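Construct the entire structure; sequences and hints are all you get.
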Amino acid sequence: MLTTDDARVADRVRLMSLHGISRDAWKRYTATGNWHYEVVEAGYKYNLTDIASALGRVQLGRASTLLGRRGAIACRYHEALSGLPAVQVPPGSCRCRSTPP
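Residue 613 is where the sequence shown starts when you use the working numbering, and the numbers rise one by one after that.
Since the hints were made in silico from the structure, they are not lab data. Fair warning: there could be bad hints in the mix.
Estimated spans, in silico, between C-beta atoms of each pair [claimed, not checked]:
1) Ser-665 x Glu-691: 32 to 38 Å
2) Leu-693 x Asp-623: 38 to 44 Å
3) Met-628 x Gln-671: 21 to 27 Å
4) Cys-687 x Leu-667: 23 to 29 Å
5) Met-628 x Glu-691: 25 to 31 Å
6) Ala-675 x Ala-622: 16 to 22 Å
7) Ala-622 x Ala-692: 37 to 43 Å
8) Gly-680 x Asn-659: 26 to 32 Å
None of these values were measured; they are calculated from a predicted model. Glycine included, each C-beta is placed from N, C-alpha and C at the ideal position.
Set out below in structure tokens:
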């Protein structure tokens with residue numbers, strides 16, 4: 613799932629998610645539509661299922677809680693691994709505390 617307020621980005625992502633096809637399948641098979649379409653660019657098959665969409669909508673409401681939890685887990689990994697000589701932890705990978713490399 614992608615959200616953006618940039619119309620150009622939205623149009624580009626929409627095109628790429630439809631295999632690079634200029635018209636989506638639902639519009640091609642409506643009473644006012646026609647079957648003609650063009651593959652204007654090599655795209656991908658990024659069709660979001662109804663169930664994945666429903667889950668995503670619920671999770672958007674919990675985004676700040678989920679991100680906070682992920683950040684806490686990342687900090688625990690950062691703190692546990694940063695002291696190991698064989699491990700190089702990326703700088704800034706933990707926002708809760710600054711640990712020197």
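Hints, one by one, checked against the model:
{"no.": "1", "hint": "Ser-665 x Glu-691: 32 to 38 Å", "verdict": "36 Å, holds"}
{"no.": "2", "hint": "Leu-693 x Asp-623: 38 to 44 Å", "verdict": "41 Å, holds"}
{"no.": "3", "hint": "Met-628 x Gln-671: 21 to 27 Å", "verdict": "23 Å, holds"}
{"no.": "4", "hint": "Cys-687 x Leu-667: 23 to 29 Å", "verdict": "26 Å, holds"}
{"no.": "5", "hint": "Met-628 x Glu-691: 25 to 31 Å", "verdict": "39 Å, violated"}
{"no.": "6", "hint": "Ala-675 x Ala-622: 16 to 22 Å", "verdict": "19 Å, holds"}
{"no.": "7", "hint": "Ala-622 x Ala-692: 37 to 43 Å", "verdict": "40 Å, holds"}
{"no.": "8", "hint": "Gly-680 x Asn-659: 26 to 32 Å", "verdict": "31 Å, holds"}
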